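**Student:** First to last, the sequence lines map onto chains A and B. Per UniProt numbering: the first sequence = residues 1 to 279. Per UniProt numbering: the second sequence = residues 1 to 160.
Treat the hints loosely; a few may be bogus.
Sample of chain A residues lacking proximity to chain B, with all beta carbon distances greater than 10 Å (derived) [claimed, not checked]:
no., residue
1, 26
2, 42
3, 121
4, 239
5, 252
6, 263
7, 272
Below 27 Å or equal to it, Euclidean Cα-Cα: the simulated BS3-like pairs (lysine-lysine) are [said to hold, decoys possible]:
no., chain 1, residue 1, chain 2, residue 2
8, B, 48, A, 192
9, B, 73, A, 192
10, B, 87, B, 157
11, A, 137, A, 40
12, B, 48, A, 60
13, B, 73, A, 61
14, A, 60, B, 73
I should point out that these hints are in silico values taken from the structure, not numbers from a laboratory. Since the structure is predicted, the reported quantities are computational estimates derived from the model, not experimental observations. Ideal Cβ positions, reconstructed from N, Cα and C, are used throughout, including at glycine.
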Amino acid sequence: SQQVRGTATLKMISIRLKSVKNIQKITQSMKMVSAAKYTKAERELKLARPYGIGAQEFYKKAEVKDEEGEKGQLIIAVSSDRGLCGAVHSSIGRIVKTDIAANPNTKVVIVGDKVRNILQRLYAKNIAMVVTEVGRKPAVFGDAALVAQSIINSGIEFSKGKILFNAFRTVVSFRTTEMPLYSQNAVANASKLPVYDSLDSDVIQSYTEFSLASLLFYSMKENATSEQSSRMTAMDNASKNAGEMIDKLTMTFNRTRQAVITRELIEIISGAAALETKN
Amino acid sequence: MALTRSALRLFSGRFTQACQVRGYADAPSMSLTFAAPSQVLYNNISVKQIDVPSFSGSFGILPAHVPTLAVLKPGVVTVFENDGSTKKFFVSSGTVTINEDSTVQLLAEEAVPVDTLDISAAKELLAQSQSQLASASSEVAKAEAEISIEVSEALVKACE
Chain A
1 SQQVRGTATL KMISIRLKSV KNIQKITQSM KMVSAAKYTK AERELKLARP
51 YGIGAQEFYK KAEVKDEEGE KGQLIIAVSS DRGLCGAVHS SIGRIVKTDI
101 AANPNTKVVI VGDKVRNILQ RLYAKNIAMV VTEVGRKPAV FGDAALVAQS
151 IINSGIEFSK GKILFNAFRT VVSFRTTEMP LYSQNAVANA SKLPVYDSLD
201 SDVIQSYTEF SLASLLFYSM KENATSEQSS RMTAMDNASK NAGEMIDKLT
251 MTFNRTRQAV ITRELIEIIS GAAALETKN
Chain B
1 MALTRSALRL FSGRFTQACQ VRGYADAPSM SLTFAAPSQV LYNNISVKQI
51 DVPSFSGSFG ILPAHVPTLA VLKPGVVTVF ENDGSTKKFF VSSGTVTINE
101 DSTVQLLAEE AVPVDTLDIS AAKELLAQSQ SQLASASSEV AKAEAEISIE
151 VSEALVKACE
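Modelling step: build the complete structure from the supplied sequences, incorporating the hints.
**Tutor:** Structure, rendered in C-alpha cells:
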C-alpha cells in the first residue's frame, strides 16, 4: 500500500507541475503582450500630454473655484474592463468609497467594468452611469467625446467635480490623481473671469463641453499607460512565483520518484535475501 | 593662443550682455501651446503672431492680446514664428485660450499642415456632404450634414 501511495502522489505532483508550467507560459505571454501595448500607450501619451496639460491651463489661470452650492459632487472614475493589472482598479475604488463616505451627495460616472464591480455592492445608488468596452483598444478622442456627450445629455448637475484616474509616472509606479472639473456656473463666477474679454454664455458652454472631452481623453490615455505597465509588472511577478513553485515541485517530484524506486529495491532485495536464508 | 581664446570669451560675453540689454526694449513674447489629441505642434514655443478662425470672427493674436476664450471654426490657423517663417495648419474644431500672462493654448480636435491636403479629395467630400444634406431626414442628421459641409467648404478654401 505504501508503494501505491508513492505512485499516486507521484501522479498528483506531475499533474500539478504541468498545470503550473502552463500558467507560467500564460503569464509570460501576457507580460510580452502588455509590454508591447505599454510601449504604444506611452508613445501616444507623450503626444497627448501637451494637449491634456494645455486643457487645464485656463482653469488654473482664471482661478476658477468650485461652485458654492448644494448640487453635490460628481466623480468620473476612469479605469478599464480588464483585470490582472495590480492595484490599478482597487486604488480608484478605494478613493471613491472614502469620498462617498465623506460626502454622501455624490454621483459617480464609472468608465470601465472593474470599478463598477467594486462599487456595485454598497454604493449602487450613487452610480449615475457606467461606460463599458473600455481598454481593449487604445482610446481615441472620439471615445472621450462620446462619454462627454452622454454626461452632458444626462443633465447631471454638480457644484464640485473631479476626474479620478491613474497618472503614469514610471514603468514601475503610477499615482492615483484627480483633475478638478468645474461647472459652467463655477466658470462664470471665477474671480479672474472679467479679465477675459467678450465672453458670452454660449462660448463658456462650448468651452466647458470641449474641455470635458479633452480632459477625459487625457485621463484615459494616462490610465491606459499606467494599466499596461502595472499589468506587465504583475505578470512578471506571477511568472517568477510560478517559476519558484515549479522548482519546489520538481524537487519534491524527484525526491518522491527516488523514494519509490528505493522502496521497490528494498522490497526486492529483502525478498531475495529472505529466499536465500530459507535455502 | 590661450590669451586670444580668453579674449574672445570676454568679447562674446560682453556681446551677449549687450544683446540682453537690447532685448528688454522688445515687446513681451507670447508662448504658444498648439496641440491636438494625438500630436503636438507647438509646446510652449515663443511666437510672434497667430491667426485663428473662430465662431466669433477670425482674429490675429499678438503678444499682450487681451485675455479671451474662443471656439474654433473649421479653417486655417497661421503661425508666424520668431524667425520670420509662417506655417499654416487646417483645424477642424477646438478652443483657443489667451491668458493674462500672454500664454496661448490652442487645442484643436484635428490639425494638419495645409500642404498635406488634397484638393480633389476635399471637393469630393463637399459633394458627398451636400448629397447627405439633401437626403437627411432627422434634425440630427441634418445638423451633422451641415457640419460636414462647413468643414469640407473650409477644406476646399484652404487648398486654394
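**Student:** Need the list of violated hint numbers for this structure, in ascending order.
**Tutor:** Failing hints: none at all.
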